[in-house]
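Based on the provided sequences and hints, a complete structural model is requested.
Here the protein sequences come in this chain order: A and B. Its first residue numbered 1, the first sequence is counted upward by one per residue in my numbering. Its first residue numbered 1, the second sequence is counted upward by one per residue in my numbering.
The calculated lysine-lysine pairs, modelled on DSS-like cross-linking and capped at a C-alpha distance of 30 Å, are:
| hint | chain 1 | residue 1 | chain 2 | residue 2 |
| --- | --- | --- | --- | --- |
| 1 | A | K277 | B | K45 |
| 2 | B | K45 | A | K268 |
| 3 | A | K277 | A | K117 |
| 4 | B | K97 | A | K99 |
| 5 | A | K141 | A | K290 |
| 6 | B | K97 | A | K57 |
| 7 | B | K97 | A | K277 |
| 8 | A | K117 | B | K97 |
| 9 | A | K268 | B | K97 |
| 10 | B | K97 | A | K112 |
Residues on chain A that point at chain B, a partial pick, calculated with CB under 10 Å:
| hint | residue |
| --- | --- |
| 11 | L34 |
| 12 | E38 |
| 13 | V45 |
| 14 | T129 |
| 15 | T147 |
| 16 | R180 |
| 17 | P181 |
| 18 | E190 |
| 19 | A256 |
| 20 | L258 |
Think of the hints as simulated: they come from the structure by calculation, not from any bench. Glycine included, C-beta positions come from ideal geometry on N, C-alpha and C.
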Amino acid sequence: MIEEKFDAIVIGAGMSGNAAAYTLANRGLKVLQLERGEYAGSKNVQGAIMYASMLEKIIPDFREDAPLERHLVEQRFWMMDDTSHTGMHYRSSDFNEEKPNRYTIIRAQFDKWFSSKVREAGATVLCETTVTELARDTNGKVIGVHTDRRGGAIFSDVVVLAEGVNGLLGTRAGLRDMPRPETVALAVKEIHFLPEEVICQRFGLTGNEGCVIEAAGTFSQGMTGLAFLYTNRESISLGVGCLVSDYARTMESPYALLEEFKSHPSVKPLLADSEVKEYAAHLIPEGGYKAIPQLFGDGWVVVGDAAQLNNAVHREGSNLAMTSGRLAAEAIFQVKSRKDPMSAENLALYGKMLEESFVMKDLKKHKDMPALLHTNSQNFFMTYPQLISAAAQSFVRVDGTPKIDKERATMAQFVKNRSRWGMVSDAVRLAFAWR
Amino acid sequence: MTIAVKDVRVEDKLFQNRYLVDVGRPHITVRPHETPSPNLLALTKVCPAKCYEQNDKGQVEITADGCMECGTCRVLCEASGEIEWNYPRGGFGVLFKFG
Ligand SMILES: Cc1cc2nc3c(=O)[nH]c(=O)nc-3n(C[C@H](O)[C@H](O)[C@H](O)COP(=O)(O)OP(=O)(O)OC[C@H]3O[C@@H](n4cnc5c(N)ncnc54)[C@H](O)[C@@H]3O)c2cc1C
Ligand code: SF4
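Next comes the structure, spelled out in structure tokens:
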């Protein structure tokens, strides 16, 4: 079908692929981007919070026409038991700045916009095309791709694998391992539509201000998991994600968990009278630093979720994806400008640039978190939320019991359920993993 | 502790979604077996689209029409060879309007 040879082929039109394709094309390289969905974004799922400064580094004036929902002024974190939540809120009007820091987005629309920018920058974007295999020469160097369209291989100097968490091509080619049940979470998500005024009223927002709720607690049935609820302009995105290994062990159904979260007395009133318009599911890489595979080789680089570059502790992924895509493109551009071959040795530049960026620094910082949360899930996601709720309730309820007795009872309950040693050890391990 | 919310019908959820089914070319297949492994059996509960079900002989079967291509079943059962997993052909499968 396509006879010519490209400087670079980018597989996937998600956050990382679009960042890479845009940056490459913008620097004048001849780029082909292949996406299996009908349009960019039609296969993609996210919460979704988008971090402005990482996109700004790619498209500085993105605010002019990108489809943005609300900029965030308030963050809530909830510890939930079955009937209550104990929360922390942070709200600041400082976030009503001229160039806001974080926005909610709707991925299908955002990716379409990003893709239009990629085309404008001069890349050839081909949707409805699934890449079926990497083409390699006799030495194993990646030299192009095979697709499910008629015709033979399409060739390029370098292939950017931006294929997302599932990473079918890279794993089948033996460039990295398949995601394991312990290193990926399954998230299910719904989008609920409500009139704009109702959303503003329910969350105490004005205009385009947005609010985020993130929650952990008994709804995940003791599994390592989180729920989220994000306000868009006239809809609410909400979902629940838990480790696949936990799901397989407990045999809980993800949609039942989602219903459990939605029917919680703290959540239900926020969704009242809304109209659900979509139900989606997607994996999230949760393995952190220790799960990062080889990032480059002869004729290829891997970016974004496909490289497990996802910070589950801070629930950031799209910004790591965009940054890794951009850095890979910049490295490729440098190698190309020197007229050097796209060998592993030369593409190591990408690894070095990533190492120096916030992406690797953040992931390294939390390298022990995934293992800690996974081995202690019952304590962190079941016992503590229940204890914290009981303590808060006892603190708030006025019933004539002397305060000193209440405090003793609360402490005794913590010790009984988790033991003094257990609590100290959880706190110490948490502190070390966070450090 | 068990889940309090009963009778969730995932069919009602999937009904909201758009699909372009590649008729006669399922992208996921289950290897014939006598008794399912624990992971394969778990898929009857864990698949978010409830694509996997047990037949009356206890074997696990798949109808991939409502599949959201999440990859969970691949992560649990591809390595053991119990299922064969591919993406649908370009343009087919689930089409997220919002995502
Ligand atoms: C429920 C949920 C909530 C999240 N919330 C947030 C959030 O609030 N903030 C945040 O920063 N991150 C969030 N993330 C993470 C974020 O979505 C990802 O980190 C990000 O999308 C990764 O981008 P990517 O380009 O690497 O992969 P993707 O966006 O998954 O893109 C991969 C692309 O490759 C295409 N593709 C795959 N294989 C092929 C093939 N063989 N041929 C052709 N095309 C192919 C796919 O169709 C897809 O378009 C969330 C994730 C989920 C699932
Ligand atoms: S990919 Fe996901 S939705 Fe599709 S059958 Fe497998 S588990 Fe179910």
